[in-house]
Amino acid sequence: NLPNFGLDENYTPIRTYQVCQVMEPNQNNWLRTSWIEKGDAQRIFVELKFTLRDCNSLPGVVGTCKETFNLYYQETDSEVGRNIRENQYVKIDTIAADESFTQGDLGERKMKLNTEVRIIGPLSRRGFYLAFQDVGACIALVSVKVYYKKCWSIIENLATFPDTVTGSEFSSLVEVEGTCVSDAEEEADNSPKMHCSAEGEWLVPIGKCICKAGFHQKGDACEPCGRGFYKSSSQDLQCSRCPAHSYNDREGSWRCDCEDGYYRGLSDPPSVACTRPPSAPQNLVYNINQTTVSLEWSPPADTGGRNDVTYRIMCRRCSWEPEECVACGGNVGYSPQQAGLVDTYVSVVDLLAHANYTFEVEAVNGVSDLSRTQRLFAAVSIATSQATPSQVSEVIKERVQQRSIQLSWQEPEQPNGVITEYEIKYYEKDQKDRIYSTVKSRSTSATVNNLKPSTAYVFQIRAFTAAGYGTYGPRLEVTTKEEASATIVSSEQNPVIIIAVVAVAGTIILVFMVFGFIIGRRYALAVKFPGTKTYIDPETYEDPNRAVHQFAKELDASCIKIERVIGAGEFGEVCSGRMKLPGKRDMSVAIKTLKVGYSEKQRRDFLCEASIMGQFDHPNVVHLEGVVTRGKPVMIVIEYMENCSLDAFLRKHDGQFTVIQLVGMLRGIAAGMRYLSDMGYVHRDLAARNVLVNSNLVCKVSDFGLSRVIDDDPEAVYTTTGGKIPVRWTAMEAIQYRKFTSASDVWSYGIVMWEVMSYGERPYWDMSNQDVIKAIEEGYRLPAPMDCPPGLHQLMLDCWQKDRADRPKFDQIVGILDKMIRNPNTLKTPVGTCTRPISPLLDQSTPDFTTFRSVGEWLEAIKMERYRDNFTAAGYSSLDSVARMSIEDVMSLGISLVGHQKKIMSSIQTMRAQMLHLHGTGIQV
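UniProt numbering puts the first residue of the sequence shown at 1, with every later residue one more than the last.
Keep in mind that the hints were calculated from the coordinates and are not lab data. A few of these clues could be false.
[Stated by the list, open to error] Estimated spans, in silico, between C-beta atoms of each pair:
#: 1; residue 1: E156; residue 2: E47; range: 56 to 66 Å
#: 2; residue 1: I206; residue 2: E865; range: 20 to 30 Å
#: 3; residue 1: D77; residue 2: S57; range: 39 to 49 Å
#: 4; residue 1: D249; residue 2: I566; range: 17 to 27 Å
[Said to hold, decoys possible] In the DSSO-like style, the derived pairs of lysine-lysine whose C-alpha atoms are separated by at most 27 Å in a straight line are:
#: 5; residue 1: K553; residue 2: K481
#: 6; residue 1: K49; residue 2: K91
#: 7; residue 1: K902; residue 2: K863
#: 8; residue 1: K774; residue 2: K903
The C-beta atom is built at its ideal place from N, Cα and C for all residues, glycine as well.
Can you make the complete structure from the sequences, with help from the hints?
Given below as structure tokens:
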């Protein structure tokens, strides 16, 4: 096997290793390479070039000639010497030639080269040997090429990826972290990565780098912004020219400096022009009324280039000598306020009488406090006149009788003249101040007579001078004493007269009550109390887009980043993502998108929900962040609720919460519904699936997409324009007569209570909608879920009263749940809001378990007959024994499905109640 020299196909001399001992039997010839260090390679390629002679062209060879040879390798951590032991080598393959040469070819000295490639791997040692075994062939080994593959370094998305050796398997991808080029940084939560394939190709780029503030991308590098340009954030794509009244004289700037006399506010972004403080307010005028001064002025001629101008008032009291002034101090009041005024007027009250004051009105904006220039303001000097006295602040009750009260008080701190008299105003506490009386006094005490015994009265006092009355002081509440004994009617008086007097008095009282009720109703309907917010149906707008933009904030689509799809809605996908508004921290949001190819009606219906949600602001109602209507896709952006829908959340965490925690969730839902009800909004689709839960277990009412207009087609009994009526959650009057009110929402809330206490079980189980409607009409109500306290179940029953007027209001429900949370013992006592409680266990539609003759019949009636053998094997042969079972007993039978456990226990509880109802004794419920 010594090297020989021959010619290749181009007649170029080459060195080869040859062997051709075909005439001798039992050949076993070996050739081994030197030790090859593999480096980082795990998968090695071996390319062989060789020639092989056709055995048929060799005369006289009988059965000993071969036309193949074997390829082996051995892994080692270092060189091991020259001794070859076959059992130390691993066979790679038997190599055969695609083309062999004959005697004629050999005579021409032209070899037909064969090329074969084999793969070794994965390798785990530092290096290896290759070995070639000949067992009787005529072969010449021309070349052996050993190599591995790698992905060559590249720059992609402003990230450098180094040379990377391929993986050990043919299908493996090696993930490689990229390094940002100079002056670049990783995009937030999106680090650059690529994957090196087994063939040495870069695949699947993920993430990217972006140029830092002050730099912009040019090709595969980040270059600094030039002089006069800046880039404030890595999120910006290009450098921008310096805004007005700013400059920079260096490269790579992230902001521009303000020119002299101009400033940038602390909250102003670098993209805002530099501004200056405003000039002084103009045309300051005043009006004085005793010790109250009203000031008015016009805005400054120069606002400094900003629109955040406000005003502040400086007040100084001056002596009659010039230049001797002091600050007015805290006794002076300002309406609406002293600083931060948006409007150009203010009233200054509680000034001293006959005093000199100087008022300065200064216009300020976001850079006023940064300026070192002299302040500019408008000023006026005023002398006050005689003032009314200040309040009588301290009133003492000296003596309290059945029909009189004696009071005393101190003179006001600022009488502002000679007090000639005091006025005492008083009225019954229950009457408030609608009807009141007054008493005058020239001293600091007075007795008020002709009062009612055992009655609470409220007193207020004010002082009078030549300048007029001051304001009433604080209220003092005093209750008169009880009468010692009641007046006894003489037996000699005519009983007929007494009866007539009583009848006339009763009639007069009744007339006044009816009249007062009618007037009160009319007044309540006519008056809109201040601060009350009322829901406005978007359907009343001729242009739905106007409703959307009135109630919902329009967002820039570039501020919203969709990260993943979390579900599908009626109109498109529901996604989670991030929202980053200018000047605010980014936040997690949920995004509802409108699918591609929508019709105008679908777009209107989709945005209708945003028009509804935008009117609500309550911690237990899902908050609308805004909408995107001027880009694609059209989006509704709401707050992100980490734990998604309440029903799925409860099923996932079955049995993991305390009763008080569940009541807390129900209290949150009720508070949200109370808010919606007070606004005059009817939800119509309240269910656990439409309640969302955040990471703090706060429950929020959501999903306002069900149409508020019921179809008038008599055939569409369960259909609205927004979909089918959810029968299992809907009150009977809403199903039958389409009367949706807050009372029907209360019915739905009762079903939500049942869902929560049963950890997301389906109401009415596998009953059909028609069966549910029929059962409810016949008086059936859902039984208490397993381990549900009686107080909570009674509240559910109150919510399911047939007459909607008998159902509790949401504010009552919130009050009851608050009491349960404060005093958990009330959970054990069924104290409802209705006077006619109904039993869900004794209705006609509920099976009468006392009529069953065997446990098997009972199991068949509740469709649990599959567990007949389980009960028999455990010895439960009678219904009496079954009625005494606990949840642990049910579980011990091998019934592992939670839904089946609950259904069996619910039936057992019903059975107990019926037995107690019939027999009164025997079983502890």
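Need the list of violated hint numbers for this structure, in ascending order. Hint check: 1, 2, 4, 5 fail, others pass.
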